[in-house]
Amino acid sequence: MTLPARPDRDAPGGGREPAGRVGFFTDTSVCIGCKACEVACKEWNLVPPAGPAELTGHSYDNTGALGANTWRHVAFIEVDQLHPGLRAPAPPARRAAGGGGARVGVGQAREGLRWLMASDVCKHCTSAACLDVCPTGALFRTEFGTVVVQPDICNGCGYCVPACPFGVIDRREADGRAWKCTLCYDRLKGGLEPACSTACPTDSIQFGPLEELRERAGERVAELHGAGVAEARLYLAGEDDGVGGAGAFFLLLDEPEVYGLPPDPVATTRDLGRLWRAGVVAAGALLAGIAAAFLPRGGRR
Amino acid sequence: MSGRSRPAALPAPRAPAGPDGQPAAYYGRPVLKPPVWTWQVPAYLFAGGLAGAAGPLAFAARLAGNDRLARAALTSGAAAALVSPPLLIADLGRPERFHHMLRVVKPTSPLNVGSWLLAAAAPALAGAAVADRLGILPRLARGTEAAAALLGPALATYTGVLLADTAIPTWHEAGRELPALFAAGAATSAGAVACLLVPPGPADPARRLALGGAAAELGVHAAMERRLGDLGDPYRTGLAGRLTRLARRLTVAGAVTLGLAGRRRLPTAAGAALLLVGSAATRYAVVAAGSASARDPRHVVAPQRRRLAAGDGDHRP
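Those sequence lines, one after another, are chains A and B.
In case it helps, this note's numbering puts the first sequence at residues 1 to 301.
In case it helps, this note's numbering puts the second sequence at residues 1 to 317.
Treat the hints with care, since some could be wrong.
Restraint-style ranges between C-beta atoms, simulated for each label pair [as the list claims (entries may be wrong)]:
#1 B:ALA120 with A:GLY190: 40 to 48 Å
#2 B:GLY311 with A:GLY190: 42 to 50 Å
#3 B:GLU96 with A:GLU143: 26 to 34 Å
Looking from chain B toward chain A, a few residues come up when the C-beta cut is under 7 Å (computed) [claimed, not checked]:
#4 TYR27
#5 LEU32
#6 PRO56
#7 LEU92
#8 ARG97
#9 THR157
If you are wondering where the hints come from, they were derived from the structure by calculation, not from laboratory data.
Where is the CB? At the ideal position from N, CA and C, for every residue including glycine.
Turn these sequences into a full structure, and let the hints steer you where they fit.
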């Protein structure tokens with residue numbers, strides 16, 4: 001298998017200064033679930049443990065989810081075995097042999113198992129709800145087009161937490177502030193690429209100028225479709241989605257929700273005009289109600 | 001209420017597939033993060049609402065020549081407004097940085113707007129109450145009363161906008177009803193508190209306000225649940241469901257008691273107290289419902305799937 005080209009790193013003198021908006025293209029079709037991205041992220045960013053180590057029983061995923069102390073998360077999905085109901089397209093051979101929805105027997109386990117792996121991360125949205133709702137201005141957009149929390153400004157109000165349509169950002173308990181992926185802002189400043197993509201051994205995580213990544217992703221999907229991988233699809237690669245395009249987008253092999261991603265995320269602040277209008281109407285109704293309470297007898301003794 | 005001794009944790013969403021073939025999320029895990037807010041936040045929703053409605057109530061009472069009611073509204077409003085900042089600050093992860101709320105003016109953040117509203121309304125209410133009690137600085141008293149009357153309605157309703165301006169489906173999809181629900185609750189609580197402080201007669205407008213507010217709370221909540229459909233199920237199950245039923249019973253009982261009390265002080269006080277607790281319980285129910293909604297991946301996935309199926313997946317502005 002040929003790995004996608006990586007001009008930004010493969011060229012001599014790689015790690016050049018990024019120009020304009022940069023991001024991640026995570027091609028899950030070549031993810032091997034090694035979690036090097038999780039480790040590299042933790043090490044470089046000095047992210048504390050997410051809690052006592054525990055086994056989730058969810059395949060090889062003992063990380064669970066993105067959060068204040070998990071800025072890269074590798075999902076493992078064993079389709080058909082643990083999730084007989086998931087709508088993964090069954091391999092044609094099995095579909096013919098087993099009939100619709102037949103469960104895979106123990107003996108056939110290897111044949112029937114479809115193993116998906118994907119490294120999730122903050123999407124660095126164009127319409128970033130976390131940034132919009134942040135009351136202190138701690139969340140800001142960098143010169144690289146990424147969305148970053150300033151730890152010296154954040155006062156831990158927690159509003160960004162339920163605002164994120166992907167459930168990425170969270171408040172760190174002992175610390176009281178909100179944390180998430182910075183797309184290695186410090187490394188970008190120093191002309192390096194982020195820790196996770198540097199560590200990724202299969203180039204499943206690719207870093208570069210967003211435009212270039214989108215182009216490369218389009219070619220990769222076409223290549224996969226040509227190879228008969230009809231289920232390959234891009235997620236958040238355009239600008240017509242509800243977050244106005246993401247700085248981190250994905251090539252998936254199943255529906256987004258199978259990976260724990262929302263199928264059609266929308267930045268809540270896109271409706272803010274309508275929401276404020278409802279607030280003004282309600283405030284007016286309150287005034288009218290108070291005035292009406294004095295009408296019947298004029299309120300005089 | 002069931003016989004269980006303590007509110008159980010919200011039921012874990014069933015893992016993965018729905019019976020309708022609707023794909024469920026990854027191991028049934030939440031797609032969203034539930035709010036990290038603690039009990040102080042719903043308590044503030046109640047206190048801030050009370051303060052917000054008390055401002056215009058005092059102003060209207062003054063215009064009507066009902067000074068006893070004006071004084072009671074100012075006193076209760078100032079108390080509620082002064083207890084609000086400590087509640088909000090206690091909920092912060094870094095309370096010593098509370099003033100960072102006021103380092104920017106940011107209309108895209110209802111929390112920022114609300115911080116400015118509270119920063120203006122609390123001193124206005126407190127100033128008006130002090131000037132009224134001491135009978136000093138009449139011009140300042142009039143000015144601060146007018147300011148509290150103007151800022152109050154916004155203070156009472158921005159919190160509905162704040163909750164709706166999140167990714168949590170049960171909150172976001174109730175964007176029209178939440179500010180109205182909180183406005184109604186504000187009217188109920190400001191009116192009820194005045195009924196406790198002022199004898200019948202001068203308290204009549206406050207009683208009408210409390211009764212009207214209670215009716216509006218019940219009506220808006222029912223309308224909200226109707227609009228939400230499946231997304232309203234947190235209001236019927238689990239902790240939020242129990243709180244909702246409790247709030248409804250308290251509000252109905254309080255309204256009936258207050259309505260039948262006439263000029264008798266004890267039943268009036270009992271009815272007003274029931275309404276206050278009911279209105280507070282409603283705020284806790286709304287916050288708990290949001291938490292439940294955030295934890296349920298079906299709330300996120302199913303409506304978004306329906307949207308895509310209907311061909312509404314293009315969000316280009």
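Quick rundown of the hints versus the structure:
1. B:ALA120 with A:GLY190: 40 to 48 Å: For GLY190 (chain A) against ALA120 (chain B), whose Cβ atoms are near 44 Å apart, the range 40 to 48 Å holds.
2. B:GLY311 with A:GLY190: 42 to 50 Å: holds, 46 Å
3. B:GLU96 with A:GLU143: 26 to 34 Å: With Cβ atoms ~30 Å apart, the hint holds.
4. TYR27: holds, 5 Å
5. LEU32: At 4 Å from the nearest chain A Cβ, LEU32 (chain B) passes the 7 Å test, so the hint holds.
6. PRO56: holds, 5 Å
7. LEU92: holds, 5 Å
8. ARG97: Constraint on ARG97 (chain B) satisfied, holds at 4 Å.
9. THR157: Holds, because the Cβ-Cβ distance from THR157 (chain B) to chain A comes to roughly 4 Å (cut-off 7 Å).
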